[in-house]
Amino acid sequence: MTQIELRGLQKFFGAVQVIKDLNLKIEDNEFIVLLGQSGCGKTTTLRAIAGLETIDEGDILIDGQPVQHLKCSDRDIAMVFQSFSLYPHMTVYENIAFPLRATRMSKAQVDQEVRGIAKILRITDLLAKKPSALSGGDMQRVAIGRALVRRPKAMLMDEPIGALDAKLREEMRAEIKRLHVKQGSTTIYVTHDQIEAMALADRIVIMHEGVLQQVGSPDEVYRYPSNLFVAQFVGSPVMNVANAAVAEDKAGASVTVQGAPQGFAFPRELLSKLNGKAASSALSLGIRPEGVLVQHEAADGFLPVEAHIIEPLGSYDIVDLKVGDQMLRARTRAGYVARAGARVFARIDPSHAHFFDAGGQSLGVRL
Amino acid sequence: MATAVMTRLDPSTRAAAHGWSDLTIRNLFIIPTILFLIVFNIFPLIYSLGYSFTDFRASTNAPANFVGLQNYRELLNDDFIWRNFAITAQYVIVSVTGQVLVGFGMAMLLNRDIPLKGLLTTLLLLPMMLSMAVVGLFWKLLYDPSFGIINYALGLGTFEWLSNPNMALYAVALTDIWMWSPFVMLLSLAGLSAVPKHLYEAAAIDRAGPLYTFFRITLPLVAPILMIAIIFRTMEAFKTFDLAYILTSQPTTEVISIRLYKMAFQEWQTGRSCALAYIVLIMVLAITNIYVKYLNKVKER
Numbered sequence: 003m004t005q006i007e008l009r010g011l012q013k014f015f016g017a018v019q020v021i022k023d024l025n026l027k028i029e030d031n032e033f034i035v036l037l038g039q040s041g042c043g044k045t046t047t048l049r050a051i052a053g054l055e056t057i058d059e060g061d062i063l064i065d066g067q068p069v070q071h072l073k074c075s076d077r078d079i080a081m082v083f084q085s086f087s088l089y090p091h092m093t094v095y096e097n098i099a100f101p102l103r104a105t106r107m108s109k110a111q112v113d114q115e116v117r118g119i120a121k122i123l124r125i126t127d128l129l130a131k132k133p134s135a136l137s138g139g140d141m142q143r144v145a146i147g148r149a150l151v152r153r154p155k156a157m158l159m160d161e162p163i164g165a166l167d168a169k170l171r172e173e174m175r176a177e178i179k180r181l182h183v184k185q186g187s188t189t190i191y192v193t194h195d196q197i198e199a200m201a202l203a204d205r206i207v208i209m210h211e212g213v214l215q216q217v218g219s220p221d222e223v224y225r226y227p228s229n230l231f232v233a234q235f236v237g238s239p240v241m242n243v244a245n246a247a248v249a250e251d252k253a254g255a256s257v258t259v260q261g262a263p264q265g266f267a268f269p270r271e272l273l274s275k276l277n278g279k280a281a282s283s284a285l286s287l288g289i290r291p292e293g294v295l296v297q298h299e300a301a302d303g304f305l306p307v308e309a310h311i312i313e314p315l316g317s318y319d320i321v322d323l324k325v326g327d328q329m330l331r332a333r334t335r336a337g338y339v340a341r342a343g344a345r346v347f348a349r350i351d352p353s354h355a356h357f358f359d360a361g362g363q364s365l366g367v368r369l
Numbered sequence: 579m580a581t582a583v584m585t586r587l588d589p590s591t592r593a594a595a596h597g598w599s600d601l602t603i604r605n606l607f608i609i610p611t612i613l614f615l616i617v618f619n620i621f622p623l624i625y626s627l628g629y630s631f632t633d634f635r636a637s638t639n640a641p642a643n644f645v646g647l648q649n650y651r652e653l654l655n656d657d658f659i660w661r662n663f664a665i666t667a668q669y670v671i672v673s674v675t676g677q678v679l680v681g682f683g684m685a686m687l688l689n690r691d692i693p694l695k696g697l698l699t700t701l702l703l704l705p706m707m708l709s710m711a712v713v714g715l716f717w718k719l720l721y722d723p724s725f726g727i728i729n730y731a732l733g734l735g736t737f738e739w740l741s742n743p744n745m746a747l748y749a750v751a752l753t754d755i756w757m758w759s760p761f762v763m764l765l766s767l768a769g770l771s772a773v774p775k776h777l778y779e780a781a782a783i784d785r786a787g788p789l790y791t792f793f794r795i796t797l798p799l800v801a802p803i804l805m806i807a808i809i810f811r812t813m814e815a816f817k818t819f820d821l822a823y824i825l826t827s828q829p830t831t832e833v834i835s836i837r838l839y840k841m842a843f844q845e846w847q848t849g850r851s852c853a854l855a856y857i858v859l860i861m862v863l864a865i866t867n868i869y870v871k872y873l874n875k876v877k878e879r
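These protein sequence lines are chains X and F, in that order.
Using the working numbering, the first residue of the first sequence is number 3, and each one after it goes up by one.
Using the working numbering, the first residue of the second sequence is number 579, and each one after it goes up by one.
There may be inaccurate statements among the hints.
As the list claims (entries may be wrong) - Each computed DSBU-like pair below joins lysine-lysine, with the alpha-carbon atoms no more than 35 Å apart:
1. F:Lys695 - X:Lys109
2. X:Lys179 - F:Lys775
3. X:Lys121 - F:Lys775
4. X:Lys132 - X:Lys169
5. X:Lys109 - F:Lys840
6. X:Lys22 - F:Lys775
7. F:Lys840 - X:Lys131
8. X:Lys131 - F:Lys817
Derived by calculation from the structure, the hints in this document are not laboratory data.
It should be emphasised that the depicted structure is a prediction, and the values quoted were computed from it without experimental measurement.
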């Protein structure tokens, strides 16, 4: 049972503020992912919770107790590093036993715990090996084993699978999820990979330049991004964003992408929802590729567009459509648009549209 | 083993214009060195091996007689020679242990962010850059019972460092420690700074205390390079001559190389001293080999 709370966290490296007034409450057993680009302060936050980094202001509370003045060893938190940080001169067994032996646990009990965790992680046959003889995935399993073996109050993971190749990363991702479900411990996981974040997190915390942008379940941050940064950071391929103007017409409303001869048709209620929220001329329209509908035949509400680039990705294609001055990326069935330069017709699914004001904040308008 | 392929010289170079090949240039660098080694190292080594089986005396014109293993037999049965070896062993142990403790300690102190670290390190290295003879001479002054600064600073009155037979060997070892701890420090510092910082972080997270971290992380990881320092210092200490010879002439400080020197150049027993030199050589080789074996074991871990 561990809750972690960050209150008004501030951290400076010299004159540079890397964490700006961070507030976050992490519930027991929750899997939290700190997501952001490198240098956004996510790793510093994690290290501050671990006690490897001091903070300049604010409180870190574990189970309601402020711990910011405690050494890492007194916080009872385990951490998995990106570089694995296995002790190179010890066997796998000794590595996993290290945190137990460091606290003078009896030999028999150490043996029992180490073998137990090795079994869970399926590394029993590696126990006698040196880290240098292991593959990247196994090294990380050992590192996770070393963290889990002493049943810490919380697990911190700093891009634990970032150094692995793509296929292994996917495998380990599933493994980490499986372990979390099985062991159930409060986990804070740092990554810059939004797919990893979406796959693992109970809640995602998105950070940018030291500022917390949004906290929410993967579904929430995907469907209701609070600002342009989150909108474009989460989701792959990236959300289309275009300057757009909203106007009333006889069918309802139309949203015209900058430079486009015609607008996309939207229901009339858009106008009332937008009303008063922002100047209708300085809006950004955000639309994920799956919200751009493409077909070969002309139809009501569809604009004629030209396919510019086609990226075949196997299960689907990403097609760049030229609309006005902008490129809209649409997701189509594999092979639907045969070749670049083809004329197709596109429409925007109003229920997928996001609207942002000039400052990049979401207007919260959903249809 | 792959055979090395000689690459052609770039035809635009001046060497190529002289009609040289890579092979020529290689020989140009290697042959003088090999000649030097043969003339000054290998030839005397073999020549003295021959002398070690004779009763040759360099001070007379008498021809050398072949005496077989007599020199070796007599030396190895000589209790006085064994006493010299015992003194040498004692000296090696005290001196090398001291150097490792002091040198490694200094390296631990320097292995952190402190102001003027570079300057401090350089200053600490000064003793080992001095000449042995100079160090010997001025430590003799420092140790002087009546006006030496050591007795003055420690308030020891007229304590006799060098003329006290029980103290003299330790006094020599102390000087050696002062002079050569920086060498151990330098190598240890290289080893310590090569220990990745994230291992210390992992150990801190794993709740290891400072002592546990030192003995389980720091020491094992520095061990290989520390072993190299110990090998070098043991070899050097084993053949110590100048410091002991300059500082004192006590029989309790007669290490094996002083005995060897006296035998060769005061008693002019050239043949026998060659044999003794070979015994010393074999001993140093044996000790070094034990260390190297251990070093390889440490490296494997």
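Hint check:
no.	hint	in the structure
1	F:Lys695 - X:Lys109	43 Å, violated
2	X:Lys179 - F:Lys775	29 Å, holds
3	X:Lys121 - F:Lys775	30 Å, holds
4	X:Lys132 - X:Lys169	24 Å, holds
5	X:Lys109 - F:Lys840	59 Å, violated
6	X:Lys22 - F:Lys775	27 Å, holds
7	F:Lys840 - X:Lys131	55 Å, violated
8	X:Lys131 - F:Lys817	42 Å, violated
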